[in-house]
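*Asks:* Top line first, the protein sequences correspond to chains A and B.
Each residue of the first sequence is one higher than the last, beginning at 16 in my numbering.
Each residue of the second sequence is one higher than the last, beginning at 11 in my numbering.
The set of hints was computed from the structure by calculation and includes no laboratory data.
We put the beta carbon where it would ideally sit given N, CA and C, even for glycine.
Some hints could be false.
Unchecked claim - Below 25 Å or equal to it, Euclidean Cα-Cα: the simulated BS3-like pairs (lysine-lysine) are: (1) B:197 / A:215; (2) A:255 / B:176; (3) A:219 / B:65; (4) B:17 / A:136; (5) B:178 / A:215; (6) B:65 / A:215; (7) B:176 / A:219; (8) B:197 / A:255; (9) B:176 / B:232; (10) B:31 / A:255; (11) A:136 / B:65.
Said to hold, decoys possible - Between beta-carbon pairs, the in silico distance windows are: (12) B:149 / A:115: 35 to 45 Å; (13) B:149 / A:134: 24 to 34 Å; (14) B:137 / A:264: 39 to 49 Å.
Here is how the chains run, residue by residue.
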Amino acid sequence: MKAGSNLEKVLEKGMFAVTGELSPPKGNDVSVIKRKAGLLKGYVDAINVTDNQTAVVRMSSIATSSLLIQMGLEPVMQMTTRDRNRIAIQSDILGATALGIKNMLCLTGDHHTLGNQVDSKNVHDLDSIQLIDCVRTMRDQGTLLGGEEKVEGEIKLFIGAGENPFADPFEFRAIRLGKKVAVGVDFIQTQCIYDMNRFKEWMKMVQDRGLHEKCHILAGISPLSSGQIILQLKEKILPKVIIPDALIDRIKKSQKPDEEGVRICVEQIKELKEMKGIHGIHIMGMDQEEKIGQIVDSAGLLPRPKVE
Amino acid sequence: MIKAEQKPIDEILRYLDPYNKILLSGCGACVTVCHAGGEKEVGLLASALRMERRKIGKRMEVLEATPPRQCEPEFALELAETIEKVEAVVSIACGVGIQTLTRYFQNIPVFPGVNTTFMGETVMHGVWEERCQACGNCILEKTGGICPIARCAKQLLNGPCGGSSKGKCEIEQETDCAWQLIYDRLKGLGQLYRLEEIIPAKRWGMESRDRGPRRIVREDLKV
């Protein structure tokens with residue numbers, strides 16, 4: 016065991032993992048976290064805690080993760096390289112592990128000009144691959160970046176990263192995942208899958224490189240809710256996801272678009288479960304945490320395993 | 011070359027409010043090429059400044075000069091005689107040229123008339139794009155001759171982020187994704203294997219730009 020987290024145990028035992036996602040509040044109201052945690056408890060093996068996603072200021076991922084631990088839930092602390100140089104990154108890793116955080120997701124982060132602090136100075140001292148390398152070095156070699164300085168104590172982290180099969184250059188995406196594997200990533204969560212055909216093509220490239228045997232791949236899904244939201248997705252977040260027209264039509268024509276969105280997710284899970292190299296799913300709620308439980312339940316993924 | 015854009019005239023007029031006789035100095039090098047601070051722009055801006063001041067009934071005398079390269083002391087010093095006759099200087103050379111005047115002419119205010127923007131190339135007449143950020147340790151050998159530090163908004167060294175779509179950057183639809191360009195270039199060269207190389211964290215602190223102003227000393231050239 017690298018970190019002994021619940022997520023690691025579930026995956027190492029070969030069980031189909033389920034992770035969810037929680038957006039910290041745009042303030043310091045702990046009751047928001049309690050409410051969202053309550054919606055997720057028992058439905059997922061671990062919960063991603065976003066790090067100022069879309070570059071909008073929210074409560075820190077570390078603090079929110081720590082609060083989730085106090086509430087009896089297991090966090091996957093997300094960390095972006097957008098806002099921290101390597102001093103802050105390593106310092107935060109020391110702090111996060113001291114607080115009991117055992118999973119960490121290494122990300123580049125959304126560009127700061129897309130958020131609500133557009134005049135800030137971005138950092139990007141490391142990229143996500145160099146961040147994985149940094150965490151793995153701290154964990155496996157017990158040293159800070161640079162290799163000389165010993166870390167006092169032990170860093171136990173199950174190291175994750177994101178990957179977007181829907182971004183370009185398409186042929187580069189598997190190469191880039193290969194780099195993440197080469198520097199020691201343990202698990203991958205993908206961007207939301209709507210275009211299953213393209214996802215399969217990507218998985219084929221991943222399989223050809225044997226990467227699915229070297230890391231756990233969790234397929235990302237997220238419920239579509241209404242035509243309006245889809246339009247917003249298409250216009251604003253389009254570069255990151257591809258939503259086929261057929262799915263958009265299903266939501267548009269549905270009397271109950273929210274239920275239809277959940278139904279689509281359940282169908283996707285069924286298909287993903289059969290796919291070689293997919294070891295779990297990552298459900299992104301996009302601030303609709305209440306739907307995560309519905310999806311997991313409808314997909315027959317309950318009860319979540321208790322592993323020792 | 012260094013690229014610059016002229017500041018709004020109202021801003022320049024605000025700087026010059028207390029003065030009635032100034033030197034407007036351009037530069038015959040980079041800013042001439044990007045039509046921001048050459049002899050032609052000196053002439054145009056000088057006329058505009060005179061006119062604006064006349065409009066509010068306040069005369070201003072504007073002397074004009076365009077040294078071949080304002081950032082070279084020998085050319086900057088040629089302005090000495092003119093500078094003695096004025097109360098302030100507006101320079102529409104780049105930020106480097108402006109500071110050469112500041113260094114040599116300690117007793118006179120020097121104001122910028124341009125915003126120095128980047129080091130770039132002409133992509134078509136009237137369009138310039140950033141190409142180099144002078145990071146101090148060139149990695150173009152690894153990236154097919156296309157710089158992700160200057161051309162990727164996140165300065166990513168190991169490939170594109172999830173926001174690269176159809177060749178463009180998610181934050182600016184007009185901007186090419188640097189890593190798409192790198193991919194296409196290496197594919198064309200039959201060198202896609204180069205993308206597999208893991209580029210380690212850059213040494214921004216010791217061998218790059220984040221240790222304060224950099225300096226080159228060539229003992230063989232010093233006098």
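*Asks:* Is residue 255 (chain A) within 25 Å of residue 176 (chain B), Cα to Cα?
*Replies:* At roughly 11 Å apart (the allowed maximum being 25 Å), residue 176 (chain B) and residue 255 (chain A) satisfy the hint.
*Asks:* Are residue 31 (chain B) and residue 255 (chain A) close enough, with their CA atoms no more than 25 Å apart?
*Replies:* Given that 25 Å is the threshold and the Cα spacing comes to 56 Å, the pair is violated.
*Asks:* Could you grab the alpha-carbon distance between residue 65 (chain B) and residue 215 (chain A) and see if it respects the 25 Å cut-off?
*Replies:* Violated. Residue 65 (chain B) to residue 215 (chain A) sits at ~69 Å, over the 25 Å cutoff.
*Asks:* Is the straight-line distance between the alpha-carbon of residue 197 (chain B) and that of residue 255 (chain A) 25 Å or less?
*Replies:* Given that 25 Å is the threshold and the Cα spacing comes to 24 Å, the pair holds.
*Asks:* Run the distance test for residue 219 (chain A) versus residue 65 (chain B): straight-line Cα separation, threshold 25 Å.
*Replies:* violated (71 Å)
*Asks:* Between the beta carbons of residue 149 (chain B) and residue 134 (chain A), is the distance compatible with 24 to 34 Å?
*Replies:* Holds - the Cβ-Cβ distance for residue 149 (chain B) and residue 134 (chain A), about 28 Å, lies within 24 to 34 Å.
*Asks:* Does residue 136 (chain A) pair with residue 65 (chain B) here, judged by a C-alpha cut-off of 25 Å?
*Replies:* This hinted pair is violated, its Cα atoms lying about 41 Å apart.
*Asks:* Regarding residue 137 (chain B) and residue 264 (chain A), is the given constraint of 39 to 49 Å on their beta-carbon distance met?
*Replies:* Given range 39 to 49 Å: holds, Cβ gap about 41 Å.
*Asks:* Do the alpha carbons of residue 176 (chain B) and residue 219 (chain A) lie within 25 Å of each other, as the hint requires?
*Replies:* holds (21 Å)
*Asks:* Please verify whether residue 17 (chain B) and residue 136 (chain A) have alpha carbons no more than 25 Å apart.
*Replies:* holds (23 Å)
*Asks:* Taking only the CA atoms, is the gap from residue 176 (chain B) to residue 232 (chain B) under or equal to 25 Å?
*Replies:* violated (51 Å)
*Asks:* Against the 25 Å threshold, does the CA-CA distance of residue 197 (chain B) and residue 215 (chain A) hold or violate the hint?
*Replies:* Holds, because 23 Å separates the two Cα atoms, which is no more than 25 Å.
In this structure, the hints that do not hold are numbers 3, 6, 9, 10, 11, in rising order.
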